[in-house]
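*Asks:* First to last, the sequence lines map onto chains A and B. Numbering-wise, the first sequence is residues 1 to 259 according to the numbering used here. Numbering-wise, the second sequence is residues 1 to 259 according to the numbering used here.
Among the clues, some could well be false.
Each pair may be met inside one copy or between any two copies, as identical chains are not told apart.
Simulated crosslink set (DSS-like; lysine-lysine; CA at most 27 Å straight-line) [what the hints assert, rightly or not]:
#, residue 1, residue 2
1, K147, K85
2, K143, K201
3, K142, K201
4, K229, K118
5, K113, K147
6, K147, K196
7, K147, K118
8, K161, K196
9, K214, K167
10, K249, K196
11, K229, K167
12, K85, K249
13, K147, K214
If you're looking for bench data, these hints aren't it; they were derived computationally from the structure.
Protein chains: 2
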Amino acid sequence: MCELLALTANTPTDICFSFAGLIERGGNTGPHQDGWGITFYEGIGCRSFKDCLPSCDCKIARFVADFPIKSNSVISHIRQGNRGKICLENTHPFTRELWGRNITFAHNGQLSKYYELKNDNYVAVGSTDSELAFCWILNELKKKYPKRPHNMATAWRYVVKLCNHLKTFGVFNMLMTDGAYMLAYCTNNLHYITRKAPFGKAELIDQDMTVNFKDVTTENDIVTIVATKPLTDNESWTQIMPGTHRLFKYGVCVTPDQR
Amino acid sequence: MCELLALTANTPTDICFSFAGLIERGGNTGPHQDGWGITFYEGIGCRSFKDCLPSCDCKIARFVADFPIKSNSVISHIRQGNRGKICLENTHPFTRELWGRNITFAHNGQLSKYYELKNDNYVAVGSTDSELAFCWILNELKKKYPKRPHNMATAWRYVVKLCNHLKTFGVFNMLMTDGAYMLAYCTNNLHYITRKAPFGKAELIDQDMTVNFKDVTTENDIVTIVATKPLTDNESWTQIMPGTHRLFKYGVCVTPDQR
Numbered sequence: 001m002c003e004l005l006a007l008t009a010n011t012p013t014d015i016c017f018s019f020a021g022l023i024e025r026g027g028n029t030g031p032h033q034d035g036w037g038i039t040f041y042e043g044i045g046c047r048s049f050k051d052c053l054p055s056c057d058c059k060i061a062r063f064v065a066d067f068p069i070k071s072n073s074v075i076s077h078i079r080q081g082n083r084g085k086i087c088l089e090n091t092h093p094f095t096r097e098l099w100g101r102n103i104t105f106a107h108n109g110q111l112s113k114y115y116e117l118k119n120d121n122y123v124a125v126g127s128t129d130s131e132l133a134f135c136w137i138l139n140e141l142k143k144k145y146p147k148r149p150h151n152m153a154t155a156w157r158y159v160v161k162l163c164n165h166l167k168t169f170g171v172f173n174m175l176m177t178d179g180a181y182m183l184a185y186c187t188n189n190l191h192y193i194t195r196k197a198p199f200g201k202a203e204l205i206d207q208d209m210t211v212n213f214k215d216v217t218t219e220n221d222i223v224t225i226v227a228t229k230p231l232t233d234n235e236s237w238t239q240i241m242p243g244t245h246r247l248f249k250y251g252v253c254v255t256p257d258q259r
Numbered sequence: 001m002c003e004l005l006a007l008t009a010n011t012p013t014d015i016c017f018s019f020a021g022l023i024e025r026g027g028n029t030g031p032h033q034d035g036w037g038i039t040f041y042e043g044i045g046c047r048s049f050k051d052c053l054p055s056c057d058c059k060i061a062r063f064v065a066d067f068p069i070k071s072n073s074v075i076s077h078i079r080q081g082n083r084g085k086i087c088l089e090n091t092h093p094f095t096r097e098l099w100g101r102n103i104t105f106a107h108n109g110q111l112s113k114y115y116e117l118k119n120d121n122y123v124a125v126g127s128t129d130s131e132l133a134f135c136w137i138l139n140e141l142k143k144k145y146p147k148r149p150h151n152m153a154t155a156w157r158y159v160v161k162l163c164n165h166l167k168t169f170g171v172f173n174m175l176m177t178d179g180a181y182m183l184a185y186c187t188n189n190l191h192y193i194t195r196k197a198p199f200g201k202a203e204l205i206d207q208d209m210t211v212n213f214k215d216v217t218t219e220n221d222i223v224t225i226v227a228t229k230p231l232t233d234n235e236s237w238t239q240i241m242p243g244t245h246r247l248f249k250y251g252v253c254v255t256p257d258q259r
């Protein structure tokens, strides 16, 4: 399978600490060695770094882990391929334009019979079930809302409905963002933690690294990290229950029943 | 304005030498300090690196200049903004999907009245004339060829026609690639050089750097570099005459009258 990581925050925040933990799982403390990728939003613009090498051995991944890019919204993925060969076009996250916005997506899981998903507007470049599912979501969104809806929360609720359909094809844990909202949809394995004042220390599970968030934050900061498995062992992560989701906006949970 | 750089080759080749020259022009030997970007193709997959900082001062640009990513097709751009503020979404190159392929584009010049360009399918994320022109090209291509044409050279000839229309809006020097073909369309300023056996030495204009291509090539390699202005001063670059273009496929010129 794969592992997912996201950051959503009310102030531009770097993900170096969490990403340093994740990339160890890409061939060192975990088996996800078929490539990695990370996408950072700065406003509505975004940029990605990706490679087909195991993240634990990749100079680009090390560079990114050491380079503090401040972002309100980040999605990262380390891959253990099942559908589609190891190549750049099959490496998550995937970014496409919808309504003049960059939408970014990464998936953990495996779908069957996914070729049944019909698609007019968005054509997959690679051969993964994940990219096809993403293209199908965008296609259905554009059919339902030809123009960008005024109330984006409505559109995100529709994405949840689409995910409910996709999970009938198999395991579908996914992260999706437009730079403001972050949807974490869980079939079987996703956790999150929201850090806010009073900030404390955190210790990575996957390498000997500690950060005192008090030193790098202000008291107004709200930063949520979503990950397949908790990345720290001295904090309390919340499991997203199988079959449910969380929608965040700039770090804050806005799922109606979880606010 | 801006500066453009492209590599098209029959074997995966790194662009470190040329890129090292270009990034000096981004704030050091040239005034193009409003961001930079570079997109590498590996097969039909591609990845980009970009930043809003001047390339000459940017750690990511230095990292890319030192890191030999081998590619058959590369487009790079350093920006001196005229239309649109300095931000990530206005930073070239732009990549969009068409017919299940990644298409990448960068532009040097300035267009007027470009809001007249109508566009249904591809919506610009940023606010540059360049991205809007690119979206319009893709939109027109998709209207003309709803499915990927069997003979891609025909589609590229159609892109030239579209560029002929775009140049009526102003200065339009551009590079566009699908990973196999590379179109260099010139309104007023583009040069290229095709290097093949017997390979020799090249000396950068913008910094003290020499490479002997004989040491890093085989006798079958064909590598073409396209740039706004020549990057070396001991080789003979060909100017693409204003109002004309060159179409390359894997390093080889395939423009009918220039083969």
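*Asks:* So which of those numbered hints doesn't the model satisfy?
*Replies:* 2, 3, 4, 6, 8, 9 and 13
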